[in-house]
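2 protein chains.
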Amino acid sequence: MSALRIEQVTTKKVIPKTEDLVFGKHYTDHMFVMDYQEGKGWYDPRIVPYESITLDPAAMVFHYGQTVFEGLKAYRTEDNQIKLFRPDENFKRLNRSSERLSMPQINEKDVLNYLKELIKIDQDWVPAEDGYSLYIRPFVIATEPNLSLAPSRSYRLMIILSPVGSYYKEGIHPVGIHVEEAFTRAVKGGTGTAKTAGNYSAAYKAQEKATKEGYSQVLWLDGIEKKYIEEVGSMNVFFKINGEVVTPELNGSILEGITRMSIIELLKTWGVPLSERRISLDELFRAYEQGLVEEAFGTGTAAVISPIGELNWNGKKMIINNKETGEVAKQLYETLTGIQTGKVADPFHWTVNVR
Amino acid sequence: MSALRIEQVTTKKVIPKTEDLVFGKHYTDHMFVMDYQEGKGWYDPRIVPYESITLDPAAMVFHYGQTVFEGLKAYRTEDNQIKLFRPDENFKRLNRSSERLSMPQINEKDVLNYLKELIKIDQDWVPAEDGYSLYIRPFVIATEPNLSLAPSRSYRLMIILSPVGSYYKEGIHPVGIHVEEAFTRAVKGGTGTAKTAGNYSAAYKAQEKATKEGYSQVLWLDGIEKKYIEEVGSMNVFFKINGEVVTPELNGSILEGITRMSIIELLKTWGVPLSERRISLDELFRAYEQGLVEEAFGTGTAAVISPIGELNWNGKKMIINNKETGEVAKQLYETLTGIQTGKVADPFHWTVNVR
Ligand SMILES: Cc1ncc(COP(=O)(O)O)c(C=O)c1O
Ligand SMILES: Cc1ncc(COP(=O)(O)O)c(C=O)c1O
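Those sequence lines, one after another, are chains A and B.
Numbering of the first sequence is given in our numbering, commencing with residue 12 and proceeding in unit increments.
Numbering of the second sequence is given in our numbering, commencing with residue 12 and proceeding in unit increments.
Bound conformation, chain A alone (with noise of 0.2 Å):
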């Protein structure tokens, strides 16, 4: 591990109050930033004031598209300990990500440090409230001014903070969704199963579709037959059906998210019946009909759960659970924000102290 470098702010922010806090507006004080040389690795890490970044016009990043990112958020306990969730596997992820973009690998463990020094700097900014967290941004960027088609040998990882609101302000409430059609987020082959910039703005037009049919969120197909379900918005999608839990299982265009796989544990843990395996929207509709969806809901890190009410595909309807929050669906919520804020127990060793 090289030596962290720290500059700190002479002078602090002002820290929002929590009921101002708008997702991704507010940054804290510091950041951190290390470098990467081909032929050098990763050098100079270093935490200083949060500030503008100066690149070239040239800067790969901005022509050829290599650039990864993670997700992750920081809680406080009620005992005043700060924790994070499963941090390795967003690092692990981070390279798996950065493997598919060409980019380096970095050493998880470092970075995780790394990251625990800088929240440790900027705790007065992990919010206490329940339902607000600290939200953490690790991203890669590739920097060497070049338009030739080939990867970057330089590239900048910065991790950002940011307090976040609760995503539900009246308690986890269902939503509806529009089943997409045209648009494709991913396929086999494509850059699906990596949180990499270009994923992410070519979803913004069914989303707007979305909007416009005053729905939430989008349901993902597959970009192949159109006929198998894959994710919902930026979220991994669960569906109840009969008793049974099923999910879209990994095929190579969803994300592996980390919700999702801390689900698939707990389930397995409590002994319901789960299946990863491929659900199709006909599968899925007909057993709407014979009455058998239970639930259904979006799993990520943002909202944790997200009970999905209604299904709107191409004007068929599926209402689920009378629009209302289901019961697999209400205790996957309990238990997770349970363990992330320290008020469950967690004998899966899921969450990592900062301090």
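Possibly wrong hints are sitting among the right ones.
One copy or any two copies: either way a pair holds, since identical chains are not told apart in the list.
What the hints assert, rightly or not - List time: in silico DSSO-like cross-link candidates among lysine-lysine, alpha-carbon distance up to 30 Å: (1) Lys237 to Lys216; (2) Lys279 to Lys120; (3) Lys341 to Lys36; (4) Lys341 to Lys24; (5) Lys341 to Lys199; (6) Lys237 to Lys24.
Just so you know, the hints here were simulated from the structure itself, not pulled from any lab data.
With the hints as your guide, set chain B with the ligands onto chain A.
Here is chain B with the ligands on its own, set in the frame of chain A:
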């Protein structure tokens, strides 16, 4: 058209000797910049010294990939004029790309005028030597600092200029191509028809495979059936089969190349049989076995025409035209580069004089 502000450099750079030029490594003295703000539109068009740009680490381009770009060239004619080749088509395509990425439209005419002013100021950088030109890279990036998953409300358009060497130091020569079956460049419903950063870095892994096998480019198949030919490297692709020129039809995942478009018009004028249609690798290999594959070449702004001498489809090899440049490829190359540099008449009015 908003008033253009011009700030010239005080000290000009030394223009590199043409023989020292490396693609995309040298930039001229100035660049064009214009900003966009939701509710206000595009503002402050300006030509300023080429310099680094400053962005918030939370600028959306780094996280969600809203960025589009173009690539075109300026040529110096023998009588010392400077010409652009179909620049209106590039700005139209920039707008189509922006539409796909939920980014704002530009006024194509205004931006073309700004570009002409920029080139006039840096006109000494347009090489005069045969095969050399000034590569022009317009691009737009999302600048709003915000981690929410929604289109940015601010953008920056920039145009940078780079003198580039000839693709063919010793004349045009056929290259070997690796047929990629695992990785996918683009799929229907995705972003393949847009020139957006994410498409390009997603292609590096396949290019790595090609290079390892000793081939210089990748032949991309459709993302759905992995059966139909789409593009080669970042070029469109043409085959001459039994007297007919065939190119894959635009299908929602192929980029609409301006060289492709121009070649189609030229061949039609010449009375060469031509069809834009779906063509499978199977069909191509069957034709090859019958001795009917006469030529193959990629087309794009960078190389204009890039003849293909060999195709390797998972060990199945095809040698085309004895690895020599075919007649159609040669004629298209001479005609297109002739029109671009003013040596050949331009009945289509494709070129636009900068001065
Ligand atoms: C496309 C996509 N799917 C699913 C997820 C859920 O993953 P996680 O549970 O790790 O947050 C995310 C968010 O990270 C995502 O971006
Ligand atoms: C993916 C891709 N295909 C094809 C082309 C060829 O297009 P054009 O002839 O306009 O340069 C390009 C380059 O612009 C490209 O990026």
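For which of the previously enumerated hints does the structure constitute a violation, in increasing order of number? 4, 5, 6
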